[in-house]
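With chain Y held as given, fit chain G onto it using these hints.
Read off the chains here:
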Amino acid sequence: MSAYPEWTPSLIQAETDALKHKPGALLPILHAIQDRFGFIPQEAVPIIAAGLSQTRAEVHGVISFYHHFRAAPPGNHVLQVCRAEACQAVGSRALEAHAKARLGVDYHQTTADGEITLEAVYCLGNCACGPSLRLDDSVHGRVTPESFDALVDELRTQPLEIM
Amino acid sequence: MSARIFIPRDTTALSLGADSVAQRLEYEAAERGLEVTLIRNGSRGMAWLEPLVEIETSQGRMAYGPVTSADVPSLLDAGLLEGRTEHPLSQGRTDAIPWLARQQRLTFARIGVTDPLSLDDYRAHDGFRGLDKALAESPQHLVDEVKDSGLRGRGGAAFPTGIKWQTVLDAPAEQKYIVCNADEGDSGTFADRLVMECDPYLLIEGMAIAGLAVGATQGYIYLRSEYPLAHRILEAAIARAEAAGYLGDNIGDSGHTFHLEIRLGAGAYICGEETSLLESLEGKRGQVRFKPPLPAIEGFFGRPTVVNNVLTLAAVPYIIASGARAYAHYGMGRSRGTLALQLAGNVKYGGLVELAFGTTLRELMENYGGGTLSGRPLRAVQVGGPLGAYLPESQWDLPLDYETFAADDAVVGHGGIVMFDDSVDMAEQARFSMEFCRIESCGKCTPCRIGSARGVEVIDRIRRNDNRDSNLALLSELCETMEDGSLCAMGGMTPYPVQSALTHFPDDFLRQAEGEQA
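Line order of the protein sequences matches chains Y and G.
Its first residue numbered 28, the first sequence is counted upward by one per residue in this note's numbering.
Its first residue numbered 25, the second sequence is counted upward by one per residue in this note's numbering.
For the record, the hints were derived by calculation from the structure and aren't laboratory data.
Don't be surprised by glycine CBs; every beta carbon is placed ideally from N, CA and C.
Please note that the accuracy of each hint is not assured.
[Claimed, not checked] Below, computed lysine-lysine pairings styled on DSS-like, alpha-carbon distance capped at 27 Å:
{"id": "1", "chain 1": "G", "residue 1": "K308", "chain 2": "Y", "residue 2": "K47"}
{"id": "2", "chain 1": "G", "residue 1": "K171", "chain 2": "G", "residue 2": "K157"}
{"id": "3", "chain 1": "G", "residue 1": "K315", "chain 2": "G", "residue 2": "K171"}
{"id": "4", "chain 1": "G", "residue 1": "K308", "chain 2": "Y", "residue 2": "K49"}
[What the hints assert, rightly or not] Far from chain G, some chain Y residues (derived; all Cβ distances over 10 Å):
{"id": "5", "residue": "P36"}
{"id": "6", "residue": "R83"}
{"id": "7", "residue": "A99"}
{"id": "8", "residue": "A124"}
{"id": "9", "residue": "G131"}
{"id": "10", "residue": "D180"}
[To be verified] So the derived list for chain G, only partly shown, Cβ under 7 Å to chain Y, looks like this:
{"id": "11", "residue": "T36"}
{"id": "12", "residue": "A71"}
{"id": "13", "residue": "P252"}
{"id": "14", "residue": "L305"}
{"id": "15", "residue": "G369"}
{"id": "16", "residue": "G375"}
{"id": "17", "residue": "F444"}
Here chain Y stands alone, though its shape is the one from the complex (with noise of 0.2 Å):
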């Protein structure tokens, strides 16, 4: 089950209708409908376009420029590893390396349950207690390999116990 409602080109419409009026609306259109979605449907493209009156190839142009708009559904989970240096001094190379193998995926990919997106961020602002991660909206520090075997884990069961 997806964490996120299906959308429709009404709802698209609406998120868009919303916020138009703002100077330079497209951004804020578009965290909204990823917040609501997940992520930016290609049939939003035009909707959006027209109601702010720029060319399709403008929209288009925006949401693939930016690393944070994507254009696929993610997992349920979006797990991002910092890359950047303060990380990579205290070993987060390894550590990236540790969660592909694990995952079984590269970046930019979802398990094969679809339950976790992988992804690479650069800097999450925590770079005294590196290596960091970012699991949904929550920050983790000092990262190991055996403390990210239980993130994943955790997230894993979770669904279980609900039922």
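Okay, now just chain G, sitting in the frame of chain Y:
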């Protein structure tokens, strides 16, 4: 009487389990029938002690850290609520911890002490004194105070803030803007985040003063999407400041207006560059603009705009409240006031150190940082973010001052200090610098966009010992082209870490060759 206990809730404290410590404490206290009032304060910036638990006593606040939830029962047994010092995690009186006591905190004076969202706390600790004064002053007087303080942009470029403000004040326009650059993307930096998460009204106050000084009625905080907690705290702080009359129409019944809105970035390092930031704020790809025109003349949607970093704006309330001279009294040469230094990477005692300009890296890394976390010898330190040079030991005695660093091909930048021990492979770090530029280039100019891609390839060939000498010459020419030909600092400064690695750590580029001969 209910005991007042402080447990921080900034990103670092939370990343190390502060929430579970807080829960455990409430649970244990209830079990034991103890009355406690839990306050979720900001962080004092002593990251190595996080989560840092404090208890208020008649002698002041007593500190314990780093605390895990498992430590809570033994801490209570050992007299936590009385502030007793027998427990091994006891750090004594917080204010007396040497790491903290030796700092010169002007901007960060309140950070970690207060509940970040409490307006009463903020006012009780000198908050809004600057804004109150500013409301009664002329715009020119405010700009003059900032000029006289010697404040320079803390985001990295170090441009005199007062001059920028004067340009915006003098520019005729119906609408002007204050834009806060909160896209703190440099690795090794977290001072902006601490301000926003731990003392958000400080930034709000600084921006409102800036608005009064230049005649801007609208402000934007351009915040990176990697800081979700700062986003939540700032949103709440803005709402409370509006309700209390510190923002909006008719601030403090003065007739002045200043509205403030947060805009989220979307994971692009280049948007920390001021013109890319403005493009992004306008809803476009974050590509660099040609300068001139300067943003102070034609900024957000072509209007005069002050673009300042979080720390620059956060320094303003102190300057206005205490006077330009009080601020300018600190520092050396043309670098006045204090610098927020962030000790990061492989460091034993990492965190936020605010000191007057002029201290040395060695003083910071040894006397504050306590050496490396791994205990191995310190080998290289990158100062000023991913575009800053890697400094070898011979440069650790340089005083931190904009001009001194620039004269040695180094940058102070946003004050990030990333330490590496002797296990670091500097050829790998040089390669990463090029790779980072390749991933993050906005693509507008060729030297940065193509140069960084070729840079990765050339370094790979050098590391493979493939035509070493000619590839080294090629890399040096490529760096020159990027430095001279790029539109902005992204391409123009990526050669700094690369060339410093080559100059100071040449042996690391030879390792593979020796391996092959053996």
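Do the hints match the structure? See the list:
1. K308(G) / K47(Y): Holds: K308(G) and K47(Y) sit about 14 Å apart, inside 27 Å.
2. K171(G) / K157(G): holds, 17 Å
3. K315(G) / K171(G): The given pair, whose Cα atoms are some 23 Å apart, holds under the 27 Å limit.
4. K308(G) / K49(Y): Since the Cα atoms of K308(G) and K49(Y) sit roughly 14 Å apart, the hinted pair holds (cutoff 27 Å).
5. P36: Holds: least Cβ distance 21 Å, greater than 10 Å.
6. R83: holds, 14 Å
7. A99: Per Cβ check, A99(Y) is outside 10 Å of chain G; nearest 16 Å; holds.
8. A124: For A124(Y), whose nearest Cβ neighbour in chain G is about 13 Å away, the distance exceeds 10 Å, so it holds.
9. G131: Its Cβ never comes within 10 Å of chain G, the nearest being 23 Å, so this holds.
10. D180: Holds, because the least Cβ-Cβ distance between D180(Y) and chain G comes to about 17 Å, which exceeds 10 Å.
11. T36: holds, 5 Å
12. A71: Holds - the Cβ of A71(G) comes within 7 Å of chain Y, reaching about 4 Å at its closest.
13. P252: At about 5 Å, which falls below the 7 Å cut-off, the nearest Cβ of chain Y leaves the hint on P252(G) intact, so it holds.
14. L305: holds, 5 Å
15. G369: holds, 4 Å
16. G375: Hint on G375(G): holds, closest Cβ of chain Y at ~5 Å, below 7 Å.
17. F444: This interface hint holds because 5 Å falls under the 7 Å limit.
The structure meets every hint from the earlier list without exception.
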